[in-house]
Amino acid sequence: MEVKSRMRRTASVAMVALMGLGLAACSAGEADADLNPDEVSGEISLLTPIFEGSPGQDLLEDELLPQFYEEYPNVTVNVDYTTYGNLNEKLTTAVVSGLVPDVMLMGVGWIEAFADKGVLADLGELGLSEADLKESYTDEIVEAGMWDGNVYAVPIMLDTRFGVARMDILKEAGYDSPPSSWDELIEIAEATTVRSSNGSLERAGFDMMSLDARQAFETVLFSAGGDLFNADATEPTFNSDEGVAALGLMADLVNKYEVEDIGFTSTDDIVNPLINGRAAMGIAHNNLWTQALEADETVLDNLEPFVIQGESSGMFFGGTLATVANNSKNPQAARALLEFLSSPEAALAANEQRGNVPALTELLDSDYVQSNRFVQFAMENLDVAKREGGPAQWLEVRGDFAPAVQAALLGQKTPEEALDDLAALVQTSIDR
Amino acid sequence: MTTTDHRPARVAKAASVPGTATAPPRKRKRISMAEKKRRRAGWLMITPSVIHVGLWTLIPVIATFYLSFTDYGIFSAPKWIWFDNYVEMFNDPVFMQSIGNTIWYTFWTVPVSMAVAVVVAVLLNQGLKLQKFYRTAFFLPQVTATVAIAMVWLWIFNPQYGLLNAGLEAIGLPGQAWLVDPQWALPSVILVGAWQGIGIKMLIYIAALQNIDESLYEAASLDGASAVRQFFSITVPMLKPATFFVFIISIIGAFQVFDQIYVLTDGGPANATTMMTYEVYRSAFQEFRMGMASAQSVALFAFLLFVTLISRRVTKEED
Numbered sequence: 001m002e003v004k005s006r007m008r009r010t011a012s013v014a015m016v017a018l019m020g021l022g023l024a025a026c027s028a029g030e031a032d033a034d035l036n037p038d039e040v041s042g043e044i045s046l047l048t049p050i051f052e053g054s055p056g057q058d059l060l061e062d063e064l065l066p067q068f069y070e071e072y073p074n075v076t077v078n079v080d081y082t083t084y085g086n087l088n089e090k091l092t093t094a095v096v097s098g099l100v101p102d103v104m105l106m107g108v109g110w111i112e113a114f115a116d117k118g119v120l121a122d123l124g125e126l127g128l129s130e131a132d133l134k135e136s137y138t139d140e141i142v143e144a145g146m147w148d149g150n151v152y153a154v155p156i157m158l159d160t161r162f163g164v165a166r167m168d169i170l171k172e173a174g175y176d177s178p179p180s181s182w183d184e185l186i187e188i189a190e191a192t193t194v195r196s197s198n199g200s201l202e203r204a205g206f207d208m209m210s211l212d213a214r215q216a217f218e219t220v221l222f223s224a225g226g227d228l229f230n231a232d233a234t235e236p237t238f239n240s241d242e243g244v245a246a247l248g249l250m251a252d253l254v255n256k257y258e259v260e261d262i263g264f265t266s267t268d269d270i271v272n273p274l275i276n277g278r279a280a281m282g283i284a285h286n287n288l289w290t291q292a293l294e295a296d297e298t299v300l301d302n303l304e305p306f307v308i309q310g311e312s313s314g315m316f317f318g319g320t321l322a323t324v325a326n327n328s329k330n331p332q333a334a335r336a337l338l339e340f341l342s343s344p345e346a347a348l349a350a351n352e353q354r355g356n357v358p359a360l361t362e363l364l365d366s367d368y369v370q371s372n373r374f375v376q377f378a379m380e381n382l383d384v385a386k387r388e389g390g391p392a393q394w395l396e397v398r399g400d401f402a403p404a405v406q407a408a409l410l411g412q413k414t415p416e417e418a419l420d421d422l423a424a425l426v427q428t429s430i431d432r
Numbered sequence: 001m002t003t004t005d006h007r008p009a010r011v012a013k014a015a016s017v018p019g020t021a022t023a024p025p026r027k028r029k030r031i032s033m034a035e036k037k038r039r040r041a042g043w044l045m046i047t048p049s050v051i052h053v054g055l056w057t058l059i060p061v062i063a064t065f066y067l068s069f070t071d072y073g074i075f076s077a078p079k080w081i082w083f084d085n086y087v088e089m090f091n092d093p094v095f096m097q098s099i100g101n102t103i104w105y106t107f108w109t110v111p112v113s114m115a116v117a118v119v120v121a122v123l124l125n126q127g128l129k130l131q132k133f134y135r136t137a138f139f140l141p142q143v144t145a146t147v148a149i150a151m152v153w154l155w156i157f158n159p160q161y162g163l164l165n166a167g168l169e170a171i172g173l174p175g176q177a178w179l180v181d182p183q184w185a186l187p188s189v190i191l192v193g194a195w196q197g198i199g200i201k202m203l204i205y206i207a208a209l210q211n212i213d214e215s216l217y218e219a220a221s222l223d224g225a226s227a228v229r230q231f232f233s234i235t236v237p238m239l240k241p242a243t244f245f246v247f248i249i250s251i252i253g254a255f256q257v258f259d260q261i262y263v264l265t266d267g268g269p270a271n272a273t274t275m276m277t278y279e280v281y282r283s284a285f286q287e288f289r290m291g292m293a294s295a296q297s298v299a300l301f302a303f304l305l306f307v308t309l310i311s312r313r314v315t316k317e318e319d
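Those protein sequences? They're chains A and B, same order as listed.
UniProt numbering numbers the first residue of the first sequence as 1 and each following residue consecutively.
UniProt numbering numbers the first residue of the second sequence as 1 and each following residue consecutively.
Hints are computed from structural coordinates only; laboratory data are not their basis.
Please note that the accuracy of each hint is not assured.
[Claimed, not checked] Derived EDC-like pairs (lysine to aspartate or glutamate); straight-line CA-CA distance at most 20 Å:
no.: 1; chain 1: A; residue 1: 256; chain 2: A; residue 2: 187
no.: 2; chain 1: A; residue 1: 90; chain 2: B; residue 2: 259
no.: 3; chain 1: A; residue 1: 413; chain 2: B; residue 2: 181
no.: 4; chain 1: B; residue 1: 79; chain 2: A; residue 2: 116
no.: 5; chain 1: A; residue 1: 413; chain 2: B; residue 2: 92
no.: 6; chain 1: B; residue 1: 79; chain 2: A; residue 2: 431
Quick caveat, the model's predicted, so the values are computed rather than measured.
Make a model of the complete structure from these sequences and hints.
Pasting the structure below:
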């Protein structure tokens, strides 16, 4: 399976490389025209939370970097692998010690803090403009890499969250399609929840616990028509009526409708409950498709993605973006690597390895996207997807969301109290 | 009534001579070349250690105290803000909860693991069969990475397929969501902490047990003392110095618990298992507030110092 996957990836990379040559003019690679590979040289460092583990490392070192070196033979790349869990520590120590990596891959919501503090280079000064990027990416994705009107990051991949239904279970309960409103969601979730004679939960009607509590809340918040912050990101708005309704729905699903019990699933579960049938519906990450492909291919036909529909369409996206350090000693070499990593061929390979959603709109037609229903679904609905982040203090406060959401789900606080307390905390951080 | 001069003879003699109220200044002792050489060699030998302690302990400690009075967010220079971090810290309900959790964790893990360790040590000091195997088995958690241990406990605590719930269900008791139910999360973490701490304490107790004079037990046996009586009247009192040492290092270790929280619960659910060290980590590496993290570290240091001094005083009084 690994060999098959590698062959398919190599074929995809080759095909997209050809496609990329033709499309380079309207992608982030456009600025390549400004770089003369023979004149670009130097030793640069890359800090990456993706490409981790053996498969990722093999992809980067055996397939992608050799392609980069072919084009830029005078550049040497030293790779520092990490995970998103440890990226904070890596970046903190790097900034404190003054040894900031030349190219850093970081998440949506991270750019604001590092750009605001002058750690990141303004890519406009290196020849990448907002207008160029908006030809290749949707506006919301480009804006995830911007701060104060300037471009600081180029997207590589997206991590999306949306609703997923097990259609075999729904059909058994008499439903032919996933819910198209909150009321339907509650109705179907109740109808598909299974408890044993002693009341213990055997199947959750709607699973929200197997992904991060913050991201689950954000997805429901967006479906309620709410936003995390106001337009200029100076005030939290997640405690608006929409936010309270969103958290209220989540708390009701657990405590009133009892479609899921606390602890029934968790982020540590090895197999997602939608794959092994322990949940009929749930909020899931797009790589659920890849997980199902590896765990149980027979379940693929029964997995149906859907946008959680409330007052608005609820879909969340995070992702990975490439940035260049402001103090890079070899900014042109760093820019060359950034453009290479965000180019169609490299981005496609990285996305395929992780089962993620390519940020480049043109990759919608690639074999990988067409063969992965969840990725295809995510790309087709990116126009309704919203991201997290906003203020420069986002990294400071995002860790406070999960305890607040958990407090509401556990009934320790009402949704309104939990969100108001959190909003006060966030506002203090913004004002600090 | 007569008075007696208790002063040392040399002082008394000097005071008795008119015009000389105090002793004459002592002549500076001449240091021989060999002694000088010996001292120089001594200084030379401890220099690496002094440099090491200075660089990696003294300077960071001083820096921590300094930074605790600043607003330092790594991106810009520290700004002196006096006691603002401390005021905010003690008004932060999450940090106050972390203090409570840490004390509660320490209150349970230290005595429980000490009690188990002393019993295990006594048992493994009796010349049992497979004694070495048991000693190794009990000590293994101490030398195994906490992350690896925590992964095993994650499986044990798993509500669906975990060993603990399977065992409970086998005897007809309901399973629990151990790490995600706020009622059970902290006790679960305490259980792991107590279990993990047994090994090193057992080792120290075994070493101390082997220093107890056998003749004490022989004499007690001749007097007809039972094994239990011998344990409480000889073993426990003779282990007092080791117990004090184990107590102090256990308290310090318990107050510094971090990695098992990081892996098992991430401080949740709803901050139910957050600890002081975890809050320090969150302030430093999630919120990038190094000044606040330093203030929290100073608070942790103050707690440890206080507990150590109290323990020392109590032990001294008993001695």
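* Given the hinted pair residue 413/A and residue 181/B, is their alpha-carbon gap at most 20 Å? -> 15 Å, holds
* To do: Given the hint that residue 79/B pairs with residue 431/A, test it: the Cα-Cα distance must not exceed 20 Å.
  => Holds, at roughly 16 Å.
* Hint consistency between residue 413/A and residue 92/B [alpha-carbon to alpha-carbon, up to 20 Å] -> 17 Å, holds
* **Given pair status - residue 116/A, residue 79/B, alpha carbons within 20 Å** => 18 Å, holds
* Asked: Do the alpha carbons of residue 256/A and residue 187/A lie within 20 Å of each other, as the hint requires?
  -> Roughly 13 Å separates the two Cα atoms, so the pair holds.
* Straight-line Cα separation of residue 90/A and residue 259/B no greater than 20 Å? -> Cα-Cα ~17 Å, so holds.
Consistency note: the structure conflicts with none of the earlier hints.
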